[in-house]
Amino acid sequence: SQTIHQWPATLVQPVGSPLSLECTVEGTSNPNLYWYRQAAGRGLQLLFYSVGIGQISSEVPQNLSASRPQDRQFILSSKKLLLSDSGFYLCASGPPRGGTDTQYFGPGTRLTVL
Amino acid sequence: DAKTTQPTSMDCAEGRAANLPCNHSTISGNEYVYWYRQIHSQGPQYIIHGLKNNETNEMASLIITEDRKSSTLILPHATLRDTAVYYCIVKGPWDTGTASKLTFGTGTRLQVTL
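Residue numbers (this note's numbering), protein chains in the order written: chain Z, 1 to 114; chain G, 115 to 228.
Read the hints as simulated data drawn from the structure, not as lab findings. Some hints here could point you the wrong way.
[Claimed, not checked] DEER-style ranges, computed between Cβ atoms:
no.	chain 1	residue 1	chain 2	residue 2	range
1	G	LEU194	Z	ARG42	20 to 30 Å
2	Z	GLN13	G	ASN144	36 to 46 Å
3	Z	ASP71	G	GLN159	17 to 27 Å
4	G	GLU172	Z	THR10	25 to 35 Å
5	Z	SER29	G	LYS183	29 to 39 Å
6	Z	PRO8	G	LYS183	39 to 49 Å
7	G	LYS183	Z	SER1	25 to 35 Å
8	Z	ARG97	G	THR217	15 to 25 Å
9	Z	SER84	G	SER139	30 to 40 Å
10	Z	LEU114	G	PRO135	34 to 44 Å
11	G	PRO135	Z	ARG42	20 to 30 Å
12	G	THR179	Z	ILE53	40 to 50 Å
Using N, Cα and C, we set each Cβ at its ideal position, and we do this for glycine too.
Based on the provided sequences and hints, a complete structural model is requested.
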């Protein structure tokens with residue numbers, strides 16, 4: 001089965017500071033990768049997804065960006081954090097082919113922007 | 115993808131079966147029913163999925179009505195560790211080279227009590 005690693009687990013950053021969250025996947029090859037965000041008390045919002053190295057699609061306009069430098073590595077970044085960027089960030093891995101959709105989620109990073 | 119309707123919250127006594135309903139009256143013939151859950155402060159966890167037939171795995175059973183307009187997730191012997199938000203998602207297959215996008219609604223908050 002797949003294992004999704006995320007770090008750091010928690011992060012407190014000042015407004016205007018940069019951000020880099022990393023996600024790595026074990027136990028699969030060529031996965032689709034996803035970044036979700038969950039604001040406090042809210043549902044999951046899909047931010048980015050990637051179907052391959054260097055291929056990034058954004059779901060919502062924002063000051064965040066994503067990159068996929070390796071097959072099983074997915075990075076979420078920001079040059080200048082906003083207060084509204086606070087939330088629980090989740091990385092997920094899913095199958096690359098159409099069919100059934102069993103996404104596996106990492107443990108998440110809880111980001112607080114002050 | 116078809117829309118789903120779930121009760122906001124449910125309670126269940128520990129050791130009893132938890133039956134979580136989901137309505138998906140607009141489901142299409144090629145759409146699967148997926149169940150995920152999210153324990154507090156953790157990433158979502160895949161539970162089970164099905165198309166037409168009832169399904170069972172080590173975690174739960176999924177009962178889908180004959181007309182496929184509703185389904186029930188059954189946790190046969192609920193424990194305190196099953197306290198979580200349970201999401202019912204209806205999703206069809208997607209093309210290779212694209213990404214599947216799961217839409218998590220508000221789900222059902224299941225509280226298992228002693």
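Which earlier hints turn out false for this structure, listed by number in ascending order?
-> none
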